[in-house]
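**Student:** Residues per chain are reported as follows:
There are 4 protein chains.
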Amino acid sequence: MNTFGYKYRFTSFGESHGAAVGGVIDGCPAGLSIDFDFINHQLDRRACRVENPILTSSRAKSESDEIEWLSGVYGSQTLGTPIAFIIRNKDVRSSDYDNLTHVFRPGHADMTYQAKYGCRDPRGGGRASARETVARVVAGSIAQQLLREKNIFIKAQVQRIGECKDPMQWQEYVKAIAEEGDSIGGIVRCTISGVPVGLGEPVFDKLQAQLAYAIMSINACKGFDYGTGFERVGVKGSESNKISGGMLGGITTGEDIVFRAVFKPTPSIAKEQIAIDDSGNPVTIKINGRHDVCFLPRVLPVVECMAAMVIINNVL
Amino acid sequence: MNTFGYKYRFTSFGESHGAAVGGVIDGCPAGLSIDFDFINHQLDRRACRVENPILTSSRAKSESDEIEWLSGVYGSQTLGTPIAFIIRNKDVRSSDYDNLTHVFRPGHADMTYQAKYGCRDPRGGGRASARETVARVVAGSIAQQLLREKNIFIKAQVQRIGECKDPMQWQEYVKAIAEEGDSIGGIVRCTISGVPVGLGEPVFDKLQAQLAYAIMSINACKGFDYGTGFERVGVKGSESNKISGGMLGGITTGEDIVFRAVFKPTPSIAKEQIAIDDSGNPVTIKINGRHDVCFLPRVLPVVECMAAMVIINNVL
Amino acid sequence: MNTFGYKYRFTSFGESHGAAVGGVIDGCPAGLSIDFDFINHQLDRRACRVENPILTSSRAKSESDEIEWLSGVYGSQTLGTPIAFIIRNKDVRSSDYDNLTHVFRPGHADMTYQAKYGCRDPRGGGRASARETVARVVAGSIAQQLLREKNIFIKAQVQRIGECKDPMQWQEYVKAIAEEGDSIGGIVRCTISGVPVGLGEPVFDKLQAQLAYAIMSINACKGFDYGTGFERVGVKGSESNKISGGMLGGITTGEDIVFRAVFKPTPSIAKEQIAIDDSGNPVTIKINGRHDVCFLPRVLPVVECMAAMVIINNVL
Amino acid sequence: MNTFGYKYRFTSFGESHGAAVGGVIDGCPAGLSIDFDFINHQLDRRACRVENPILTSSRAKSESDEIEWLSGVYGSQTLGTPIAFIIRNKDVRSSDYDNLTHVFRPGHADMTYQAKYGCRDPRGGGRASARETVARVVAGSIAQQLLREKNIFIKAQVQRIGECKDPMQWQEYVKAIAEEGDSIGGIVRCTISGVPVGLGEPVFDKLQAQLAYAIMSINACKGFDYGTGFERVGVKGSESNKISGGMLGGITTGEDIVFRAVFKPTPSIAKEQIAIDDSGNPVTIKINGRHDVCFLPRVLPVVECMAAMVIINNVL
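Chains as they are written, first to last, in this note's numbering: chain E, 5 to 320; chain C, 5 to 320; chain Y, 5 to 320; chain H, 5 to 320.
Worth double-checking, as some hints may not be accurate.
[Unchecked claim] A few chain C residues that don't get close to chain E, going by computed Cβ distances all over 10 Å: (1) P33; (2) F40; (3) L47; (4) I71; (5) S80; (6) D281; (7) T288; (8) V319.
[What the hints assert, rightly or not] Cross-link-like lysine-lysine pairs, in silico, PhoX-like; alpha carbons within 25 Å at most: (9) K246(H) <-> K275(Y); (10) K94(H) <-> K290(Y); (11) K11(C) <-> K179(C); (12) K11(E) <-> K240(E); (13) K246(C) <-> K290(E); (14) K290(E) <-> K275(E); (15) K275(C) <-> K240(E); (16) K240(E) <-> K246(C); (17) K275(E) <-> K240(C); (18) K159(E) <-> K169(E); (19) K11(E) <-> K154(E); (20) K11(C) <-> K154(H); (21) K179(H) <-> K246(Y); (22) K240(Y) <-> K290(H); (23) K154(C) <-> K11(C); (24) K179(H) <-> K240(Y); (25) K179(E) <-> K290(E); (26) K11(C) <-> K169(Y); (27) K179(E) <-> K246(C); (28) K159(C) <-> K11(C); (29) K154(H) <-> K169(H); (30) K275(C) <-> K179(C); (31) K154(C) <-> K11(H); (32) K290(Y) <-> K179(Y); (33) K179(H) <-> K290(H); (34) K275(H) <-> K290(H); (35) K169(Y) <-> K154(Y); (36) K275(Y) <-> K240(H); (37) K179(Y) <-> K275(Y); (38) K11(E) <-> K154(Y); (39) K154(H) <-> K169(Y); (40) K290(H) <-> K246(Y).
Hints listed in this document are in silico derivations from the structure and should not be mistaken for laboratory results.
Here the structure is a predicted model, which is why all the values come from computation and not from measurement.
Note that the Cβ used here is the ideal one computed from N, Cα and C, for glycine as well.
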């Protein structure tokens, strides 16, 4: 399903190489004056149009993502009706994909989409592309704005890149991997502050379950934890009883919520790889195009936006 | 919300010290001959009525959980109508809780439930108690049976207890912690085999997101991962492209699904702890009653059952 | 699906001749002191244990419906957790159905259930029986109580029985039909007063659409209207603009909501009928057992309860 | 909520005088070759661009509704991903509304929207306008096409205009009402043929309940019935047992489904009316612009499309 949330209900659409990506937000309260600057700032973080030492070497600056608002907004005010928006796919370089039309790229969803739908958009990743997260960032930034008015703030940061925990070393580390024609993942740490006590719904909609669902729906996300998590698996009860991660019994305690998400490396790498084509034969491929060596800085606003949509659905 | 799933829709009810716990399953196909033995076997695993070296020392054998079938079943055959069942709370030793009526037990949901609902069942954990998982095991065991007929099998195992990865050492390790009056958590590893290609729904209902939601809704679960996960965060793209964990782009590849879940230790420990009472004052408490030093073996059927309910919702 | 509503979410279960019928209410606020007398009063109206001139001749008094509360209630107080309740099917006279085991009763769901599920409970109507509405009345009476605290009141009345609009003549009219061994339907009119302005959600969850869905889910209901409705189809715009029925654009105006529902006659009649058996052969049958000549007075609390569940879902 | 259906899930957006109206269809199977001609034909019926004797006098021909497909379609083939489409509001004559900015038009949703949202698009009916049904017709026409491939056909016809049941007299009747500056409603009859036995889900999602919900969500719809309905309220059980309307116990019998819907007259009339302005004062108004004397022929494709979306959700 391409709809997320119940009260603040976001429907996402669009292929990476189709006419546009976009979304519909149903349930946004009337009378909000949309902070377009904030949305653009979040889109710029996602697109690496803000300075980031990890990324400078790996990717050229792209044009800004221009949002066309189709409904639900009059001037800058929300009307309480569904907010529809699109971002046209201006910069479609499908020629990068010409030699991959019949290849299932390793680590990508090419094979599974083909198997599930019996067809796929041959011009790129389609719905499985990270392009889709543009719409999440628009919808989630409005959610963040709504939360800000309730003094709830969400901030995601890179905690670790590959094996490297020291931010001072990240630039060098990523550069070395870039030179190998390879890519690297890492861990994001997200803090939600200002949360009131009492959010979350037992027994299935525990807040951590809602957050895990939202975050694990992001491309390349391979894990979610909070509180003692995977890091502190050796801690005994007498100690872990002091660490809540902001939720107990699935309900917020009023303390900051802190969770982590782990992302695998970009599967698109310059290095030669063995793939399978759609006749089942092995082929050797090199993936051209602009691909990130480490996309972690870019995923931060996406993590914030998904978390924001979870929280707003519990607050409204 | 206390309802899980859409096609195979399970609604759970019951407090730990009320009359009964139970559930309603809506959407189970008609004509299934229910395997009551398998359900009882899963309930026995959950209740530690089967042999387990880790647990022998920590907990007395309890009576079996007797299921009363109220609807949806005629003889042993399902009718296609809602299956309602209850398990009475025969063995209610509320006296263990007498001295805790006004105390928020550390690491428990006592405080957050009180804050959210303004009241709570003073006789025990209520809905927040792990007692609630009895109903999940009944509903999930029927889901497992439905999957078995499609040659899909789910098996959870303990991967690690605290810092200890060697099963040979677990009994000694747990015994030592028991002697301290403390408790310990660990990691469960679950394998789903026989999965057809094509399960999972982009972009929000990616199968890993559905699984994470289901597993993170289990009491004490602090994290979920699959594929490279948190364990292999240092792996580069050229390597991680070979590790799918059974899902790509949120859709099954046809390979086994393998995921992990991390659980914190039981918060109920014999050791003296500082708690807060409902007037906000610190008090020193010792928690009596039968509590597990390490509940990991008991959570295995619960993990299997939640995973089974996810898969059946994608298969039906 | 056997679940109704989202915020005040009611799941119904139970066959007419199984162990019990019952329900689970998820989302009822904590701290309500349940008015058991009111629930019993509504159950008595449904079961014809209150005086009703239309019905006296057609049906013996039945025992009261005894509710067993399984969860979500401590003393008479709701806990905010799922409220589960059952009513055992004490008075099961399945022998009435012995000669009908292989017959599809005309106007009943016997044939369609058999076709859909490939099996059915041979002891009676199963889920298709009006027995199922007992659970609706319990859940809806609690909803009515919640609404009463907000000064919203719901009252259903018989408007018409068959062709007869004059209440003074109903008793005679029904008596004559009883003597023919036949049955008769009619129209119910329901008024919801004290409704605040602004309830209802465009564009699909217009309040009239929600009400129509709820009311049309009652057995034997064949139509729903409000405002000018079917009655005043000849009215012109200049006149109909003055008649809102309490809703405009799917949203309440603050005026009373008035709607109507039409019910067909009980299909179970004493008179000889031609039916089809499950081998496809025509058979002549007479249906024994206690069946209403005109069940309209009994459906009134069911109509009120379904309307109450719609409104509470828009108010919470 | 602006989303309809679960399996074939349609989300609608757009104000009548905003940039565009449109929708997102989630769950349409991959590999369908969309019949654009049929969609345009349905849009032409809705917009009165096909011949209709009732309407010729009342309304000028409008330009065609041009659909822009944004996603989910490659060439004419569906991809299995969300289908997003928009229709720009080219012909926005907001000046017609200049004198109505502060007036709550009688019989319109102006007042209720203002009360609910605290604001509204002053340029016209916004979401409450029948303009919104354009998107329903696009989504529903694709559903009709899917049904056609399963030999299920849906056809709506005008049964009655006002008090007038004879089609031969309709043109004269409507003309006379036009001359008064007034408007008139009527009854639509819809037949669904080729339906397999077994559609519909007890006990709340009885097929008639789903249909009533869908049809009652159409602007100006005031009632829904089927089978004996409101028309044949005097029929006795021995007779009504022979009339199923295509559904028994909420499940299709395999016979044609026949239902009726009653619509009130257009509230926008040329005739002088007393209205209330947003300060609560009475004002006399005349509504200019192109308004239908009798919109019944235009609502036929909308009725068909809503019915089609109900059926496809039960068939997929």
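**Student:** All hints, please: hold or fail.
**Tutor:** Hint-by-hint comparison with the structure:
no., hint, result
1, P33, "22 Å, holds"
2, F40, "25 Å, holds"
3, L47, "18 Å, holds"
4, I71, "19 Å, holds"
5, S80, "28 Å, holds"
6, D281, "16 Å, holds"
7, T288, "13 Å, holds"
8, V319, "13 Å, holds"
9, K246(H) <-> K275(Y), "14 Å, holds"
10, K94(H) <-> K290(Y), "65 Å, violated"
11, K11(C) <-> K179(C), "44 Å, violated"
12, K11(E) <-> K240(E), "39 Å, violated"
13, K246(C) <-> K290(E), "16 Å, holds"
14, K290(E) <-> K275(E), "6 Å, holds"
15, K275(C) <-> K240(E), "11 Å, holds"
16, K240(E) <-> K246(C), "36 Å, violated"
17, K275(E) <-> K240(C), "11 Å, holds"
18, K159(E) <-> K169(E), "19 Å, holds"
19, K11(E) <-> K154(E), "17 Å, holds"
20, K11(C) <-> K154(H), "23 Å, holds"
21, K179(H) <-> K246(Y), "23 Å, holds"
22, K240(Y) <-> K290(H), "16 Å, holds"
23, K154(C) <-> K11(C), "17 Å, holds"
24, K179(H) <-> K240(Y), "13 Å, holds"
25, K179(E) <-> K290(E), "19 Å, holds"
26, K11(C) <-> K169(Y), "45 Å, violated"
27, K179(E) <-> K246(C), "23 Å, holds"
28, K159(C) <-> K11(C), "23 Å, holds"
29, K154(H) <-> K169(H), "34 Å, violated"
30, K275(C) <-> K179(C), "15 Å, holds"
31, K154(C) <-> K11(H), "23 Å, holds"
32, K290(Y) <-> K179(Y), "19 Å, holds"
33, K179(H) <-> K290(H), "19 Å, holds"
34, K275(H) <-> K290(H), "6 Å, holds"
35, K169(Y) <-> K154(Y), "34 Å, violated"
36, K275(Y) <-> K240(H), "11 Å, holds"
37, K179(Y) <-> K275(Y), "15 Å, holds"
38, K11(E) <-> K154(Y), "23 Å, holds"
39, K154(H) <-> K169(Y), "45 Å, violated"
40, K290(H) <-> K246(Y), "16 Å, holds"
Violated hints, in rising order: 10, 11, 12, 16, 26, 29, 35 and 39; the structure is consistent with all others.
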